[in-house]
Amino acid sequence: MWIYEKKLEYPVKVFNTKNPKLAKAIITQYGGPDGELSASLRYLTQRYTMPTGKSKAILNDIGTEELAHMEIVATLVYNMIKDASIEEIKAAGLEGYYADHDKALYFVNGDGVPWIASYIQSKGDPISDLHEDMAAEQKARSTYEYLLQLSDDPGVSETLSFLRQREIIHYQRFGETLEHIYDYYSKDRYYFMDNAP
Amino acid sequence: MVSARKRMLKELMAYEFTAIELNLYLDTHPRDRKALDIYNKTVHILNELKHEYQTRFGPLTNFGFAFSDYPWGWIEEPWPWQINFADRERSEI
Numbered sequence: 000m001w002i003y004e005k006k007l008e009y010p011v012k013v014f015n016t017k018n019p020k021l022a023k024a025i026i027t028q029y030g031g032p033d034g035e036l037s038a039s040l041r042y043l044t045q046r047y048t049m050p051t052g053k054s055k056a057i058l059n060d061i062g063t064e065e066l067a068h069m070e071i072v073a074t075l076v077y078n079m080i081k082d083a084s085i086e087e088i089k090a091a092g093l094e095g096y097y098a099d100h101d102k103a104l105y106f107v108n109g110d111g112v113p114w115i116a117s118y119i120q121s122k123g124d125p126i127s128d129l130h131e132d133m134a135a136e137q138k139a140r141s142t143y144e145y146l147l148q149l150s151d152d153p154g155v156s157e158t159l160s161f162l163r164q165r166e167i168i169h170y171q172r173f174g175e176t177l178e179h180i181y182d183y184y185s186k187d188r189y190y191f192m193d194n195a196p
Numbered sequence: 000m001v002s003a004r005k006r007m008l009k010e011l012m013a014y015e016f017t018a019i020e021l022n023l024y025l026d027t028h029p030r031d032r033k034a035l036d037i038y039n040k041t042v043h044i045l046n047e048l049k050h051e052y053q054t055r056f057g058p059l060t061n062f063g064f065a066f067s068d069y070p071w072g073w074i075e076e077p078w079p080w081q082i083n084f085a086d087r088e089r090s091e092i
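Heads up: the protein sequence lines correspond to chains A and B, in order. Each residue of the first sequence is one higher than the one before, counting from 0 in numbering that gives the first Met the number 0. Each residue of the second sequence is one higher than the one before, counting from 0 in numbering that gives the first Met the number 0.
Bear in mind the hints are in silico, worked out from the structure with no lab data behind them. Values in this document were obtained by computation on a predicted structure and should not be read as measured data. Among these hints, one or two may not hold up.
With a cut-off of at most 27 Å between alpha-carbon atoms, the simulated DSS-like pairs for lysine-lysine come out as follows [stated by the list, open to error]:
id	chain 1	residue 1	chain 2	residue 2
1	B	9	A	5
2	A	12	B	9
3	A	12	B	5
4	A	53	B	40
5	A	53	A	186
6	B	40	A	55
7	A	5	B	40
8	A	186	A	122
9	A	81	B	9
10	B	5	A	102
11	B	5	A	5
What the simulated footprint calls covered on chain A by chain B, stretch by stretch (three residues with Cβ under 8 Å from a Cβ of chain B suffice, anywhere in the stretch; the number is not a length) [claimed, not checked]:
id	region
12	65-74
13	167-175
Beta-carbon label-pair distances, calculated as ranges [said to hold, decoys possible]:
id	chain 1	residue 1	chain 2	residue 2	range
14	A	126	B	69	50 to 60 Å
15	A	115	B	74	30 to 40 Å
16	A	85	B	9	33 to 43 Å
17	A	117	B	9	36 to 46 Å
18	A	127	B	74	40 to 50 Å
19	A	145	B	46	33 to 43 Å
20	A	84	B	81	15 to 25 Å
21	A	182	B	68	44 to 54 Å
22	A	2	B	55	14 to 24 Å
23	B	70	A	141	43 to 53 Å
24	A	110	B	9	28 to 38 Å
25	B	33	A	17	45 to 55 Å
26	A	167	B	69	41 to 51 Å
Every residue gets a Cβ at the ideal spot worked out from N, C-alpha and C, and that includes glycine.
Could you build the full structure based on these sequences and the hints that come with them?
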């Protein structure tokens, strides 16, 4: 069960509300391969087959935080194209997106390629899954750094920096979880204790 | 001028972020008593702040997690993506 909280995780600032060019790049963190939709769905679907309470908790909680990041990215994009004119949308190369979606939010990367489930994996093997998760956090960190290079709005950059920092923390927590899983599998266990914490 | 609502929201965000960060840390360090203590103190402050915010500006959560005045307050705008913290002078929120 999830409940919704009617607030963002971070106070999003957008100074330029006619910035479809930057919005076109940032939307990849909404529906691109290393974006927040991929992140949240990856962790939330991998959590079912994690072997311990600790590993289930971390995937559940980081997956939930990623949903909040998806909302932050959507808020950025929504506010960056809100006041853009047709001319500005055309100049930004966003007319293809506009033809399909107007100014609505849709899960695409920076080139308009729609999100696909094969961006993520759910392998059942917690060692494989946690390695994927750690790699995903690093790829998202790189993406935020490229977006920070592209950003011409200090308000947007502030929010992108926050999201970049979260990737680093998540990477750290997944690393600790991986160590814990290695410990868990290196201990002798009996079949009747397999569900013990 | 920053509206009272935005100021409260920012304060809520700060405390809730503290709780999120400590929660993730505690997931992998469940026996860190000091972190747990800060977490529980944060929950206490957060509950008080949420109560104050909801009394002034309506429910923050749906599905039975907050009371509502008449008429049903959940549908009131702005929704979170309609609040731009760069618009300091807008008085409607």
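Verification of the hints:
1. Distance check on the hinted pair: residue 9/B and residue 5/A sit about 13 Å apart at the alpha-carbon level, within 27 Å; holds.
2. Pair hint residue 12/A plus residue 9/B holds up; C-alpha atoms about 12 Å apart against a cutoff of 27 Å.
3. About 12 Å separates the Cα atoms of residue 12/A and residue 5/B, which keeps this hinted pair within 27 Å; it holds.
4. The hinted pair formed by residue 53/A and residue 40/B meets the criterion: a straight-line CA distance of about 22 Å does not exceed 27 Å.
5. Distance restraint check for residue 53/A and residue 186/A: the Cα-Cα separation of roughly 16 Å lies within the 27 Å cut-off, and the hinted pair is therefore satisfied.
6. Our distance criterion of 27 Å between C-alpha atoms is met by residue 40/B and residue 55/A, whose separation comes to about 25 Å.
7. A C-alpha spacing of about 23 Å is found between residue 5/A and residue 40/B, which places the hinted pair at or below 27 Å, so the restraint holds.
8. Between residue 186/A and residue 122/A the alpha-carbon distance is near 22 Å, which keeps this suggested pair within the 27 Å criterion.
9. Under the criterion of a C-alpha separation no larger than 27 Å, the hint pairing residue 81/A with residue 9/B is consistent with the structure, at around 23 Å.
10. For the hint pairing residue 5/B with residue 102/A, the CA-to-CA distance comes to about 26 Å; that is within 27 Å, so the pair holds.
11. Taken as a hint, the residue 5/B and residue 5/A pair is honoured in the structure, with Cα atoms around 13 Å apart against an allowance of 27 Å.
12. Check on the region 65-74 of chain A: 3 of its residues sit with their Cβ under 8 Å from a Cβ of chain B, so the three-residue criterion for coverage holds.
13. Coverage of a stretch by a chain is defined here by at least three residues with a beta carbon nearer than 8 Å to that chain's beta carbons; for the region 167-175 of chain A and chain B the count is 4, and the condition holds.
14. For the pair residue 126/A and residue 69/B, the beta carbons lie near 55 Å from each other, so the given range of 50 to 60 Å is met.
15. The hinted window of 30 to 40 Å between residue 115/A and residue 74/B holds, with their beta carbons roughly 35 Å apart.
16. For residue 85/A and residue 9/B, the hinted distance range of 33 to 43 Å is satisfied, since their beta carbons lie about 35 Å from each other.
17. At roughly 39 Å, the beta-carbon separation of residue 117/A and residue 9/B lies within the given 36 to 46 Å, and the hint holds.
18. Look at residue 127/A against residue 74/B: about 44 Å separates their beta carbons, and that is inside 40 to 50 Å.
19. At roughly 40 Å, the beta-carbon separation of residue 145/A and residue 46/B lies within the given 33 to 43 Å, and the hint holds.
20. For the hinted restraint 15 to 25 Å between residue 84/A and residue 81/B, the CB-CB distance of approximately 21 Å keeps it satisfied.
21. Look at residue 182/A against residue 68/B: about 52 Å separates their beta carbons, and that is inside 44 to 54 Å.
22. A C-beta distance of roughly 21 Å is found between residue 2/A and residue 55/B, which places it inside the suggested range of 14 to 24 Å.
23. For the pair residue 70/B and residue 141/A, the supplied restraint of 43 to 53 Å holds, since their beta-carbon distance comes to about 48 Å.
24. In this structure the hint that residue 110/A and residue 9/B lie 28 to 38 Å apart at CB holds, the actual value being about 35 Å.
25. Roughly 48 Å separates the CB atoms of residue 33/B and residue 17/A, a value that falls within the hinted 45 to 55 Å.
26. At about 46 Å, the beta-carbon gap between residue 167/A and residue 69/B stays in the expected band of 41 to 51 Å.
Every hint from the earlier list agrees with this structure, and none is contradicted.
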